[in-house]
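With the hints as constraints, model all of the structure from the sequences given.
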Amino acid sequence: MSTTASNTSCTPTAQPNRLAEGGLVDRSRTLTFTVDGETLTGHPGDTLASALLAHGRVQVGSSIYRGRPRGILSAGLEEPNALVQVRRPGHSVSESMLPATAIELVDGLEATYLSGVGELDPERDTALYDKKYVHADVLVVGGGPAGLSAALQAAASGARVVLVDDQPRLGGSLLSDPGATVDGLPAGAWVEQTVERLHAHPEVTVLTRTSAMGSYDSHYVNALENRTDHLGADAASPDLTGVSRQRLWNIRAQQVVVAAGAHERPLVFADNDRPGVMLASAVRTYLGRHGVAVGSRVVVATTNDSVYPLVHELVAAGVEVAAVADARTALTEPARVARNAGIRVETGATVVGTSGDPRVESATVSAIDDDGTPVGDAERVGCDLVAVSGGWSPVVHLHCHRQGKVRWHDELAAFVPADTVEGQQVVGAARGVFTLDGCLADGTRAGAAAAFNAGFVSESGAEAASAVVPDAVAPGVTRPLWVVRGEDGELDGLDTHFVDLQRDQTVRDVMRAARTGMRSVEHIKRYTSISTANDQGKTSAVNAIGVIATAQGGSSPGEVGTTTYRAPYAPVAFAALAGRDRGDLFDPARVTSVHPWHVEHGAQFEAVGQWLRPWYYPRGEESIDEAVARECAAVRASVGMMDATTLGKIEVRGADAGEFLNRVYTNAFKKLAPGSARYGVMCTLDGMIFDDGVTLRLDDSRYFMTTTTGGAARVLDWLEEWHQTEWPDLDVTLTSVTEQWTTIAVVGPRSREVLSRIAPDLDVDNDAFPFMTYREVTLASGIPARVCRISFSGELAYEVNVSGWYGRQVWEDVAEAGAEFDITPYGTETMHVLRAEKGYPIVGQDTDGTVTPQDAGMAWVVSKAKDFIGKRSYLRSDTARPDRKHLVSLLPVDPALRLPEGCQLVEAGATADPDTGIVPMLGHVTSSYHSVALGRSFALALVRGGRDRIGQTVTAAVGDDFVDVVIGDTVLYDPEGTRRDG
1 MSTTASNTSC TPTAQPNRLA EGGLVDRSRT LTFTVDGETL TGHPGDTLAS
51 ALLAHGRVQV GSSIYRGRPR GILSAGLEEP NALVQVRRPG HSVSESMLPA
101 TAIELVDGLE ATYLSGVGEL DPERDTALYD KKYVHADVLV VGGGPAGLSA
151 ALQAAASGAR VVLVDDQPRL GGSLLSDPGA TVDGLPAGAW VEQTVERLHA
201 HPEVTVLTRT SAMGSYDSHY VNALENRTDH LGADAASPDL TGVSRQRLWN
251 IRAQQVVVAA GAHERPLVFA DNDRPGVMLA SAVRTYLGRH GVAVGSRVVV
301 ATTNDSVYPL VHELVAAGVE VAAVADARTA LTEPARVARN AGIRVETGAT
351 VVGTSGDPRV ESATVSAIDD DGTPVGDAER VGCDLVAVSG GWSPVVHLHC
401 HRQGKVRWHD ELAAFVPADT VEGQQVVGAA RGVFTLDGCL ADGTRAGAAA
451 AFNAGFVSES GAEAASAVVP DAVAPGVTRP LWVVRGEDGE LDGLDTHFVD
501 LQRDQTVRDV MRAARTGMRS VEHIKRYTSI STANDQGKTS AVNAIGVIAT
551 AQGGSSPGEV GTTTYRAPYA PVAFAALAGR DRGDLFDPAR VTSVHPWHVE
601 HGAQFEAVGQ WLRPWYYPRG EESIDEAVAR ECAAVRASVG MMDATTLGKI
651 EVRGADAGEF LNRVYTNAFK KLAPGSARYG VMCTLDGMIF DDGVTLRLDD
701 SRYFMTTTTG GAARVLDWLE EWHQTEWPDL DVTLTSVTEQ WTTIAVVGPR
751 SREVLSRIAP DLDVDNDAFP FMTYREVTLA SGIPARVCRI SFSGELAYEV
801 NVSGWYGRQV WEDVAEAGAE FDITPYGTET MHVLRAEKGY PIVGQDTDGT
851 VTPQDAGMAW VVSKAKDFIG KRSYLRSDTA RPDRKHLVSL LPVDPALRLP
901 EGCQLVEAGA TADPDTGIVP MLGHVTSSYH SVALGRSFAL ALVRGGRDRI
951 GQTVTAAVGD DFVDVVIGDT VLYDPEGTRR DG
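Taking UniProt numbering, the leading residue of the sequence shown gets 1, the next gets one more, and so forth.
Careful, some of the hints might be misleading.
Said to hold, decoys possible - Listed next, the in silico SDA-like pairs over lysine to any residue satisfying Cα-Cα at most 20 Å (straight line):
no. : residue 1 : residue 2
1   : Lys866    : Gln854
2   : Lys405    : Ser218
3   : Lys670    : Met772
4   : Lys885    : Gly951
5   : Lys838    : Pro895
6   : Lys132    : Ala575
7   : Lys838    : Val694
8   : Lys838    : Thr879
9   : Lys864    : Gln854
10  : Lys131    : Asp36
11  : Lys131    : Pro588
12  : Lys132    : Ala573
13  : Lys864    : Ile842
14  : Lys132    : Asp36
15  : Lys671    : Pro895
16  : Lys670    : Thr773
17  : Lys838    : Ser638
18  : Lys838    : Lys671
19  : Lys671    : Ala573
20  : Lys671    : Thr773
21  : Lys405    : Asp217
22  : Lys885    : Lys866
23  : Lys838    : Leu891
I should point out that these hints are in silico values taken from the structure, not numbers from a laboratory.
Written out as structure tokens, the structure is:
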């Protein structure tokens with residue numbers, strides 16, 4: 001929504017507020033853009049905000065809740081008011097909730113003002129986004145004087161340096177300070193020289209237009225680079241085909257230097273949200289960097305000395321400075337210089353209110369007492385701009401992302417880092433060093449220390465790394481003025497004293513929260529919503545803390561504390577986070593080395609844990625039921641083969657590998673003999689089944705673990721969590737080797753004969769190669785293999801494991817060797833039938849996070865002699881309840897009926913409770929199949945007290961019908977296990 005009248009004229013208007021010279025814009029080129037249908041002009045080097053201000057357009061969208069007129073406040077990412085919806089030339093979608101202060105102007109840009117609420121464009125974003133992963137010796141965040149000095153010093157050591165800065169040009173605050181000099185050079189010349197020197201180092205990467213969003217453990221920082229937005233329509237050039245619009249950099253550095261600068265704070269007084277009230281630093285940026293005089297007659301309100309360079313620059317640019325209201329009672333040296341230059345400076349005074357419709361037309365200036373209450377006669381001073389500075393807040397976000405602490409610095413009136421984070425230094429204004437010389441020295445020291453700590457040894461680096469970093473020294477006095485009170489000195493009625501402009505929250509809102517008894521800043525934040533907008537409280541958080549401190553009797557902001565700083569530092573689009581992982585690449589299918597063979601032989605596939613697994617192999621016009629029946633019959637009568645590659649595989653190595661597995665599995669593995677295999681079950685802390693699989697012991701310090709297909713990544717994460725957080729003392733290394741091995745299951749009474757043909761040197765006799773053992777062997781083809789005697793079907797079976805490089809060849813060798821016996825490839829559906837006939841559960845299908853091994857009928861796998869994850873939970877009475885759900889089999893009375901999986905079970909003849917209308921449920925069906933071997937349908941189910949109900953008849957709800965089923969033991973086929981050995 002716009003709060004200004006739309007001008008639909010296509011004729012661009014003049015730029016009355018643009019200075020005739022000065023700034024860093026390219027006046028030789030004119031860019032045309034529209035805002036709410038009004039056509040305006042700007043120049044390369046402008047932001048959308050600076051171009052608007054050049055036209056005198058201060059007012060933007062109205063406030064989110066109260067609809068009050070608002071104006072541009074800042075000149076950077078911290079902007080709370082000037083939010084727009086933007087469509088860039090050549091882009092398929094518009095973007096919402098972007099600060100006009102951070103949008104580079106391009107020809108043909110279209111913008112619409114927003115009132116604090118955006119709208120997602122439903123069209124498909126066709127732009128490209130990508131990601132890059134890099135390692136650096138030293139990462140420097142921030143391209144101001146401290147960051148440039150740090151990067152240059154680190155680069156001189158030969159270190160690989162990455163420098164990121166969110167601006168199009170490096171230089172930071174120097175870009176707005178034309179009078180500054182460094183090493184005898186004008187600031188601009190020094191920046192250019194430094195950038196040239198950085199580019200001359202082959203190991204230096206400089207990323208402009210790149211915002212560091214988050215800092216994480218082990219010096220991992222991610223940053224978003226805008227690569228083509230500044231090109232406008234030229235981004236569609238054929239030369240740029242394939243170039244991403246944005247790139248997410250994932251940077252792992254040995255050392256990180258954070259030189260992120262500081263944000264200026266506004267002042268909290270009556271009607272401080274009126275268009276024309278602007279941060280003094282923003283006024284200076286628009287003047288010095290963009291050549292725009294935001295106002296013609298300015299009142300400056302300050303609590304510190306940082307405004308005085310601006311005052312002189314305004315006068316030099318021909319802008320009248322009507323008054324400087326300095327809240328400090330003593331006249332500081334910069335203030336004295338300004339007064340001697342003929343500028344009106346009022347000490348012990350501040351702006352207490354504004355008037356205008358809607359833009360500022362005057363500011364009310366008054367003396368104030370120690371509490372910020374106006375005293376004496378107030379004066380209305382005519383002006384069209386109020387430049388305010390309530391002090392500076394170091395940007396400590398990246399420091400706090402790493403769990404770094406902050407403390408209140410009384411002299412600086414700011415929160416600064418209270419400690420150091422391993423491998424990370426905070427320098428310059430980001431730690432409260434606000435002088436140019438101090439920032440340069442701080443950056444140089446940090447760059448040398450970072451390079452030294454990254455392994456680039458030098459005398460200067462050693463000296464810097466061992467130096468004690470001095471505390472930041474305030475360059476002058478800053479008065480902590482958190483709120484300008486009303487004439488009565490009370491806080492409760494201050495309903496136009498805005499603390500958070502984007503959330504429309506005032507001092508009265510803070511006081512309402514405080515009056516409810518809330519004292520925690522986190523509670524008040526959530527009650528008022530202060531600092532929860534997309535600007536994350538960059539201009540409001542510290543002021544809110546100050547108001548809370550004032551409401552609590554004048555305590556220090558340090559006693560109140562800060563809210564939590566969370567990534568990302570600046571808003572980022574989901575499309576950028578996704579990168580190329582969308583469409584077909586959103587959830588890419590993993591395939592085994594044998595996949596082409598499956599495709600050639602007509603397999604139908606199902607997705608299991610990202611893997612495409614053969615589901616069944618239809619012949620001719622066979623249905624799935626017909627194909628599965630044929631495959632099951634072949635396995636039970638002769639021999640079948642299955643691609644079992646997708647099972648998770650983790651190699652566990654180290655002197656303590658056996659002890660580690662003993663703690664993870666419910667049964668013992670520490671004394672398992674090398675060459676042997678054992679089935680194991682893992683449980684969560686509450687004793688519920690988490691995953692299962694067979695683990696081989698390769699030698700005294702190596703195990704080969706298998707997991708379920710869908711649980712492989714989850715299990716590895718689980719193991720790493722326990723190793724890293726609970727048992728870091730154990731000598732254990734965990735390595736995923738799932739894709740390194742191809743696994744071929746050869747199953748059925750003729751499997752021994754097939755195996756003997758592909759591995760003629762292997763003794764496959766029962767005694768020589770017993771169940772649950774494995775053998776290392778060289779196949780007839782010369783390919784090394786690890787052959788395991790394992791069965792998930794109850795039949796004689798082997799699993800042949802070979803390097804993935806040889807997977808298809810060995811698969812075809814097995815097929816050829818079994819051709820005489822009509823060997824049949826089978827898929828996951830047949831595998832499920834075969835295992836269910838034997839009562840083997842599938843974790844995640846026959847379990848649901850509430851099933852213990854005892855519930856699944858596997859009490860035998862739970863050791864009573866050792867401890868393991870979840871064991872203590874079995875002491876709880878709940879895990880021993882007789883009415884817990886047990887895994888049992890179900891046999892429908894009608895043997896042709898296959899129960900739907902998930903159907904509910906009730907007592908035979910059960911009726912609804914007369915009061916509630918509810919029929920008590922006994923359990924549900926987890927797996928259901930038709931069995932060729934049994935000559936009927938059957939199912940597995942979780943049933944309350946199921947093992948005590950074996951032989952009983954219960955009722956299953958099948959659609960609108962109720963059918964009788966008989967509860968049985970889980971093992972329905974070959975209960976004696978005679979088929980296992982052939």
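Hint check:
For the suggested pair lysine 866 and glutamine 854, the alpha carbons sit about 17 Å apart, so the restraint of at most 20 Å is met. For the suggested pair lysine 405 and serine 218, the alpha carbons sit about 17 Å apart, so the restraint of at most 20 Å is met. As the CA atoms of lysine 670 and methionine 772 are separated by approximately 16 Å, the hinted pair is consistent with the 20 Å bound. A threshold of 20 Å between alpha carbons decides the hint, and for lysine 885 with glycine 951 the separation of about 16 Å falls inside it, so the pair holds.
As the CA atoms of lysine 838 and proline 895 are separated by approximately 18 Å, the hinted pair is consistent with the 20 Å bound. A threshold of 20 Å between alpha carbons decides the hint, and for lysine 132 with alanine 575 the separation of about 15 Å falls inside it, so the pair holds. Between the alpha carbons of lysine 838 and valine 694 the distance comes to roughly 17 Å, so the proposed pair stays at or under 20 Å and holds. A threshold of 20 Å between alpha carbons decides the hint, and for lysine 838 with threonine 879 the separation of about 25 Å lies outside it, so the pair is violated.
Pair hint lysine 864 plus glutamine 854 holds up; C-alpha atoms about 13 Å apart against a cutoff of 20 Å. Of the pairs offered as hints, the one joining lysine 131 and aspartate 36 is violated, with about 34 Å between alpha carbons and a cut-off of 20 Å exceeded. A hinted pair counts as satisfied when its Cα atoms are at most 20 Å apart, and lysine 131 with proline 588 qualifies at roughly 16 Å. Our distance criterion of 20 Å between C-alpha atoms is met by lysine 132 and alanine 573, whose separation comes to about 17 Å.
With a C-alpha separation of about 24 Å, the suggested pairing of lysine 864 with isoleucine 842 is violated against the 20 Å cut-off. Distance hint between lysine 132 and aspartate 36 is unfulfilled; the C-alpha atoms sit about 37 Å from each other, more than 20 Å. Restraint check for lysine 671 and proline 895: not satisfied, since their Cα atoms lie roughly 46 Å apart, outside the 20 Å limit. Note on lysine 670 and threonine 773: the hinted pairing holds, with a Cα-Cα distance of about 16 Å set against a maximum of 20 Å.
For a cut-off of 20 Å, the pair hint linking lysine 838 to serine 638 stands: about 18 Å separates their Cα positions. Simply put, lysine 838 and lysine 671 have alpha-carbon atoms about 28 Å apart, too far for the 20 Å limit, and the pair is violated. About 53 Å separates the Cα atoms of lysine 671 and alanine 573, which puts this hinted pair outside 20 Å; it is violated. For the proposed pair lysine 671 and threonine 773, the alpha carbon gap of about 14 Å is at most 20 Å, so the pair holds.
For the proposed pair lysine 405 and aspartate 217, the alpha carbon gap of about 15 Å is at most 20 Å, so the pair holds. For the suggested pair lysine 885 and lysine 866, the alpha carbons sit about 26 Å apart, so the restraint of at most 20 Å is broken. For a cut-off of 20 Å, the pair hint linking lysine 838 to leucine 891 stands: about 14 Å separates their Cα positions.
Checked against the numbered hints listed earlier, the structure breaks hints 8, 10, 13, 14, 15, 18, 19 and 22; every other hint is satisfied.
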